[in-house]
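Let's have the full structure, built from the sequences with the hints guiding it.
These protein sequences, in sequence, are chains D and X. Residue numbering for the first sequence follows this note's numbering, starting at 46 and increasing by one per position. Residue numbering for the second sequence follows this note's numbering, starting at 46 and increasing by one per position.
Any given hint might turn out to be false.
One copy or any two copies: either way a pair holds, since identical chains are not told apart in the list.
Stated by the list, open to error - Here are the simulated lysine to aspartate or glutamate pairs, DMTMM-like style, with alpha carbons at most 25 angstroms apart:
#1 K105 / E158
#2 K83 / D97
#3 K50 / E158
#4 K50 / D108
#5 K105 / D55
#6 K50 / D198
#7 K50 / D176
#8 K65 / D90
#9 K50 / D97
#10 K65 / E158
It should be emphasised that the hints constitute simulated quantities derived from the structure, not laboratory data. None of the values given here were measured: they were computed from a predicted structure.
Protein chains: 2
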Amino acid sequence: MTRRKIRLSDVALAAGTSTKTVSRVINGDARVSSDTRKRVQGEVDRLGYQVDVMARSLRKGVDDTVGVIVPTIGDPFFATMIEEIESIALEQNLNVFIASNSRTPSTERRVVEGMLARRVAGMIIAPFMTDFGFLANINTPVVFLDRHANGLDSDVVLVDDFAESQKAVIHLASYGHTRIALIVDDLEIETSRKRREGYLAAHVELGLPIDESLQFLGCTNAEAAESSTYKMLAQPGVPTAIFSARSETSLGVVRALHMGNRTDIAMVSFGDFVAADILSPAITVLDHNPRILARIAMERLIALMASGETDFPSETIVPLHMIARGSGELPPTVLEVSA
Amino acid sequence: MTRRKIRLSDVALAAGTSTKTVSRVINGDARVSSDTRKRVQGEVDRLGYQVDVMARSLRKGVDDTVGVIVPTIGDPFFATMIEEIESIALEQNLNVFIASNSRTPSTERRVVEGMLARRVAGMIIAPFMTDFGFLANINTPVVFLDRHANGLDSDVVLVDDFAESQKAVIHLASYGHTRIALIVDDLEIETSRKRREGYLAAHVELGLPIDESLQFLGCTNAEAAESSTYKMLAQPGVPTAIFSARSETSLGVVRALHMGNRTDIAMVSFGDFVAADILSPAITVLDHNPRILARIAMERLIALMASGETDFPSETIVPLHMIARGSGELPPTVLEVSA
DNA sequence: TTCGTTTGTGACATCGATGTCATAGTTCAT
DNA sequence: ATGAACTATGACATCGATGTCACAAACGAA
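This is the structure:
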C-alpha cells in the first residue's frame, strides 16, 4: 500500500545518470550540464524526491538545525524565549527543534545527548541542574541561557539575579515594609539560589531582621506557590509584602492573595507575566524579558556556528528595569491585633 | 584539541571483539557470553561511548522519538498541550521533539518534513493550514490535534467547535444580551471558521440580528484582539457582551476592557487561561482543556506506533464544560444615550 | 597538431550502526 | 558415538547520501 520512499538511486535510474550526478543537482553544484540538470530536476519533481536528512547529515556531520532545551515549555518565560528564537531562526533559514528536560536531571542529559546525536549545528540551553561537564570535549557550539552550566565554562547570557533581587526587596522596603516574604523555587537551581541571596543581602544592607518563617522555598510551580502563600496568610505574623522570585510562582501568589482577600499585601514579581497589568492592584515587576535574552543568545550562537571558535566563553549580563504598577508601592497594612 | 568521537569500532578494538558483538552488548542481546559482555561493557564505560542515533536510525528506519508540531509555542493552550505530551512520553520512555510552524504554511511543511526525515516514530500535529496531502503515502503514524488536517483523512482528536461556540453564545443571550460581539482568529483556520459558524448559528436559532460590525476577524494574537476590542469600544453601538473564540485572544480582550474601564461588558472565552479566575469580574470560560486532548492523542499515537495499522482513522470529539465565573453572567449594561 | 585545461560524469569508499548469514565450538539425546 | 540443536562470534552487506578521485570529451593555446 505504502509507496516505498524515493531515493537518490531511484531518481538516478529514472534520469539515466549516476547517483552522484543527481546529488550534484540537488545540491546546486555548478558542474552539471544544463541538459542533464534539467532532466534530473524533472525526475526529482515527478517522483517527489526528498533528501533523507538523516543520511545526509550522517555523511556531512551536521545539519542546519539548532536545538533548544528548556526546563519546561509551560513556563511562559521559556515559551516566549522559544518564540523569539524561532522567529530569528526563521529569518536565518534555520530549523529549530525544542525539547524540555522536564526538570529532571536524567532527562536533561538524555535530551542533550539526543540533540547532539542528531547533529544539531548548535544548541541553546536553559539548564536545569545537570552537570554539563560531559560537553567539555564536544565541538558543537552551545550557548547557555538564564543560568550558568554546572561544571562547564561556556558562553552564557543571563541577568544579575543577585543584584536585581536585592533591588526589588529594597524597593519594597522603601515603602516601609519590614516583614517581606520570599517565594522561591528549589535552591539547587542557581537562579533561585542567587535570588534568595539577593533577598537576604537586602535585609542585611537595610538592617532588617531575617525571618526564616517568611521564606518559602521549593515552590516549583504556580500551584506550589499558591499553597505556600495560603500557608503564609494563615501563620501568625503575616508579612506585609512578598517578593516572588519567578513569574510563574507570581501567578500562584497572586491567585492566593485574591482568593484570600489579601490584595492589600504588597508584592513585586521577578519577571513580568500576562495579566499582571490588569489585575487590581496591578503587579509591580522586574521586567525579565525573555525575548531580549533569546535574541542575544541567538546572535552569539550564530556567530559561534559560523566561526567555530569556542575558546573564549563570553558572559553577557542583561540589566533589568522595574515596572512599578501599584502592588509594589502599597504601604504596609496596619496589623490587626488578633484577640 | 577536541577528542574524536568514539565509535563502535573503537570500542570493538579496545575490547578485542568485532563491532557486531559490541552492538549486541549495547542492545542487550542475550547471545553474548557474560565474560565478553563484561569486558565490552567495561570499555564502553571507560571510553564513554554513546550510540550515534542518526546512524542507528538510518539503519533501523525509526527511533523512539515522537515529534510534536504546533502553530505557536507561545500560545498557552499549545504550551500546556506539549507539557502533557511530554509527561506521558517521560512515563513511556519516549523522547519528544517539538517544533512550531510559526503560523507559516511553508514552514509548516518544512518542519513536518524535517521530522519525517529524522525518522520520528510518530507525530502529533496541531495543524495550521497546510494541505497535508503529501503525507498520504507515508507510513509514519500521525495524530492530528485540535483541527482536522486539510487534504488528509487521518486520526484526529478535537472538540466540537461549532456546537460549543453556539452553546457559549446562547449562554450569553440567556442573560439578555442581543448585541454580542465576536473576536476570532483568521477564518482560514478551520477552528476559527467553525467557531464563527457556531456564533452565527446561535444567532439564527435565537432570532437575533447578525451584525457584521460586531465581528472582529483576523485576531491572530492577544495584541490584535486587544486593538480590535478598543475599536469595538469606540464604535457606535457598543456590544453588551463578547464571545472570544480563543484563550489567547481573550487575554487581549480582557486587557482592553480593563484599560477602557468597560468591565461591565459581559464575556465568555473559548478556553481557560491563567488568571481568568482572579480578575474582576472573573472570566467565564469554556474549559477547553489541552491536557485532556493531549492525553487522548498520545494514547492513540502510542497504539498506532505499536500496531502500525493506519487504515481506519478515528475521530475523537471531547466535550467541554462551561465554567461560569461571573463575566459571562453579567446583565446587559443599560445603554447610555449619547447627547 | 599536440598537449595542458576545463568540464561533465561516474565508480567507489565512507559516515556509524545493525541485519543476515556463516561458522566453529558445545551440549544432548539416542 | 554421532548427528541435531544450540551458543557465541564475526564477515560482510546495507541504510541513503556525499567526498574523493579518476577519466573521457571538448577546448584552447602553442
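Here's how the hints hold up against the structure:
no., hint, in the structure
1, K105 / E158, "both (19 angstroms within a copy, 19 angstroms between copies)"
2, K83 / D97, "within (22 angstroms within a copy, 37 angstroms between copies)"
3, K50 / E158, "between (28 angstroms within a copy, 13 angstroms between copies)"
4, K50 / D108, "both (21 angstroms within a copy, 17 angstroms between copies)"
5, K105 / D55, "both (21 angstroms within a copy, 20 angstroms between copies)"
6, K50 / D198, "between (44 angstroms within a copy, 20 angstroms between copies)"
7, K50 / D176, "between (41 angstroms within a copy, 20 angstroms between copies)"
8, K65 / D90, "within (17 angstroms within a copy, 39 angstroms between copies)"
9, K50 / D97, "both (10 angstroms within a copy, 23 angstroms between copies)"
10, K65 / E158, "between (32 angstroms within a copy, 23 angstroms between copies)"
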